[in-house]
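Trainee: Make a model of the complete structure from these sequences and hints.
Sequences listed follow chains A and B, in order. Here the first sequence stands for residues 1 to 384, where the numbers follow our numbering. Here the second sequence stands for residues 385 to 768, where the numbers follow our numbering.
There may be inaccurate statements among the hints.
Unchecked claim - Estimated spans, in silico, between C-beta atoms of each pair: (1) A:133 to B:736: 36 to 42 Å; (2) A:70 to B:658: 22 to 28 Å; (3) A:117 to B:578: 40 to 46 Å; (4) A:118 to B:517: 26 to 32 Å.
Stated by the list, open to error - Computed from the model, here is a short list of chain B residues facing chain A with C-beta under 8 Å: (5) 438; (6) 444; (7) 446; (8) 457; (9) 464; (10) 476; (11) 512; (12) 571; (13) 623; (14) 626.
The hints are simulated quantities; they were obtained by calculation from the structure and are not laboratory data. A virtual CB, placed ideally from N, CA and C, is assigned to each residue, including glycine.
There are 2 protein chains.
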Amino acid sequence: MRQVAILGIGQTKIDEHWELSLREIGGVAAFAAMQDAGVDNADALFVGNMLSPLISGQNQLGAFFSDWIGLWQKESVKVEAACASGGAALRAGLMAVAAGDVESALVVGIEKMTDKSGHDITAALATAADADYEVEQGVSFVGLNALIMRRYMHEYGWKHADFAPFSINAHANAMHNPFARLHEKITVKDYVAARMVAEPINLLDASPIGDGAAAALLVPASLIPLTNHRVIRIIGSASATDTIAIHSRKDPLWLSAAEKSARKAYNQAGVTRDEIDFFELHDAFSIMSVLSLEACGFAARGEGPRLGLEGKIDPDGKIPITTRGGLKARGHPVGATGMYQIVETVQQLRGDADLTQVPGARIGMAQNIGGSGATVITHILKAS
Amino acid sequence: MRQVAILGIGQTKIDEHWELSLREIGGVAAFAAMQDAGVDNADALFVGNMLSPLISGQNQLGAFFSDWIGLWQKESVKVEAACASGGAALRAGLMAVAAGDVESALVVGIEKMTDKSGHDITAALATAADADYEVEQGVSFVGLNALIMRRYMHEYGWKHADFAPFSINAHANAMHNPFARLHEKITVKDYVAARMVAEPINLLDASPIGDGAAAALLVPASLIPLTNHRVIRIIGSASATDTIAIHSRKDPLWLSAAEKSARKAYNQAGVTRDEIDFFELHDAFSIMSVLSLEACGFAARGEGPRLGLEGKIDPDGKIPITTRGGLKARGHPVGATGMYQIVETVQQLRGDADLTQVPGARIGMAQNIGGSGATVITHILKAS
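Mentor: And the structure:
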C-alpha cells in the first residue's frame, strides 16, 4: 500500500450561494485545489455529497462534475455516508492512489442546501437517521441529538451552560477564517440566551447549514519531493460504523464507531493521542464535540465539558479543536464538511492558519461523523 | 496491487417485493453471498444504490446495512453512479482489498423501486440525466434513449425490427434464470407489436424496473486456494466517464466511455476482445446493446444489429450476451444491476449457468452503464 499525500487544497466560502449552481460551487473548489497543486488534471475524481438527489434532482455527481471541470473520460464516482460523505470520498480517493490504480485523485466534497425551505431541509437531513424506526416516529435530526444531550446532562450532572466554551471557541476561531459562514464573536451570555431549537439544544449549540465545496488533490507521497510543496501525508485513515438508530445502542452516550476508527487510525499512524497537535472534530451539535473527545481518548467518560471549561480546546490549549471555526461557525454543508476538515487540517500543517495557527503543529486529526455517530471516519495527517 | 477474487455470490429474485423492506432485500443477497463463500463476516461493506433517498427516504445505506446484517463496527459506505452504482461499488471494494486495507469486502447492489408510482419512478430515474439542461426540458430517461435510437436508425439505415434479436435472446435466456423478473418467451411478432413507450422505443426495447439485490464477497486471490472454491479472479476493472448530457457529445452514437473503460480493462487483463467468451452488457434499452457492442470492438460502427440478426449473441454464438436474461428480462433494479451482472458472470465461469451455459467459458466481461453512457464501468473476470 503506497503512502499518499495531499498536494493541493481548495474551498469556497460557505454561504447562501444563490448565484452559483451545484456544478459551479463544486467547480470553484476543484479548480482551486488543482491550482494550489500546480496541476491541470487528475486521473480520477471522487465526489462526497449527501443531498443532491433530494435538493437538486441530480444524481451521478461523478460524471456530472468530471464533465463540468474538464476531466474528460476520467473515472468519477459519488460516495455517500450522510454527513460523513466528505471523509468517505477521501477514503475512496486514498484507496485508488494507495492501490496504484491511479497516480492522482481529486476529491471534492460538495453540498448545495439553501435552495429549499427549512422544512424540506429538515426532512432531507432526517434521511441520515433510520427511516423505518426513527424518522417514522416524527423525530428530526436535531431532535435525536437533543435526546442524547439531555441524557448526557442527566447522567453526568452537567448544566447546559457548561457546553458554552465549545461554541464560543468555534465562533472565535471562525473570525479569522474568510471561508467561514459565520463571523460573529459570541459570549456565554449570548450562548445562554439563544433561541431554543429542541431542548436542550439551542441555536448556539447547532451548526448552520450552507452551500459549499472543499477539495484536495491526492498523489503518491513519493512524488511530492519532486515539487516545491511541503509534504502533508495521510498517515492514518479508518472508518467504522455503529447502529444507525440510537435506540439500538447499548450506550447511547458512547460513540463506539468514533472510538474504533480513531484507535485504528492511531495504530496505522503509529502515534498516541498525546501526539495529536490539534483535532478538527465534527461539532454538528456541541454535545457531539464532547462525545468525540471522550471516544477518541482526550477526556474520560463524562468529563468532556471540562476540556472546554479549562480552556484546553483553544488554539494554544492542550488539544485545540475546530481551529478554523468547526461545523458550528465555519458552517456545515453536510456532504462537504469532511473535506473542509481536511482542507483546514492541511492549512494548520502548512502553517497557514493565520491568527488561529496551532503553534508548531505537525500532526493533525480530522473526524467526520455521519448520522448520530453511525458512520465515523478518522484521518490523521502529518507534515514532514 | 494485490490480485482480487470473488469467493461468494448471492442474489434475490427481481420482483415487486412489497413483502420485503429495503433492508430485508439487501440482507437476503448479502447473507447468500456470505453463505456461498462459507464465511460469516467481512472486513468492509460497499453498497451500490441510486434511489433510496428519493424512494425510501433513507440515506447512509452503508451503516444502515452493516447494522442490519451484523457487520458490527465495520467500515461501510454507499457508492452512487446512477445505473452504474453496482459496478462502482464493486470497484470501491476491489480497491480496498487490492490496496491491502482489508482482507475481505462484501459488495451489495440494492434497489427497491416498486413502492412508488410510475410517475415518481420516471422522475427519480431522470436524476441520472442532467437536471439543468436535459430534465429541465421535460425529457425523460427513456426519451433520451429514444432520441439516440432514432438517430442511429436514421444514420445507419436500420429498421426497428432489426433490433428484435436482442430482446428475444434476453427473454429466451431469462427462461432458465429463476432470479429473473420476466419468464416470457417472445417472438419477432411480439416485439414488433409491443406498445410504444417513446418512439421508436417500445415496451420490448425497454428493461423492466424491479426490487432486487445482488452481492459478492471479495478476498485476495491468494486466499482462495486455501478454500474449496474455484478461483474467479477480477483481472480487469476500469471506469470512465463521458459528458452527462447527450447534446454535449461530439458523436451521440458512440459510447466513448464504454470504449475507454473496455480498452483499459482489456489492457489490465492482458486479453483481446476475441478472448472474451461472453459479455454481460447493459441492455437498459436495445439500442444500448448495439452501442456497447460497437464501442467494445465486437462490431464495426453502425453494424451492431447484424450480430443479433446473425445469431452471434446467443449462448452458443460468437459473442454471447445477456446470458441470464440481461436488464431486458432478468430486470433492471437500477443500483443493483451492476452486481447482478457480476453474479451472473461468476455463474457462467463456475459452469453454473444451467441451459444458457456458454460452453467452456473461462473469461467473461460485464459492463455497467450509468445515465446515457455518462459513467461506464467494465470488469473482466477469469476462471482458473
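Trainee: Decide, hint by hint, whether the structure agrees.
Mentor: Hint check:
1. A:133 to B:736: 36 to 42 Å: Given range 36 to 42 Å: holds, Cβ gap about 38 Å.
2. A:70 to B:658: 22 to 28 Å: violated, 35 Å
3. A:117 to B:578: 40 to 46 Å: holds, 43 Å
4. A:118 to B:517: 26 to 32 Å: Between residue 118 of chain A and residue 517 of chain B, where Cβ atoms are some 29 Å apart, the hint holds.
5. 438: holds, 5 Å
6. 444: This hint holds: residue 444 of chain B lies near chain A, its Cβ roughly 4 Å from the closest one there, short of 8 Å.
7. 446: Holds. Min distance 5 Å.
8. 457: This interface hint holds because 5 Å falls under the 8 Å limit.
9. 464: holds, 5 Å
10. 476: Constraint on residue 476 of chain B satisfied, holds at 6 Å.
11. 512: holds, 5 Å
12. 571: violated, 36 Å
13. 623: holds, 4 Å
14. 626: holds, 7 Å
Hints 2 and 12 from the earlier list are contradicted by this structure; the remaining hints agree with it.
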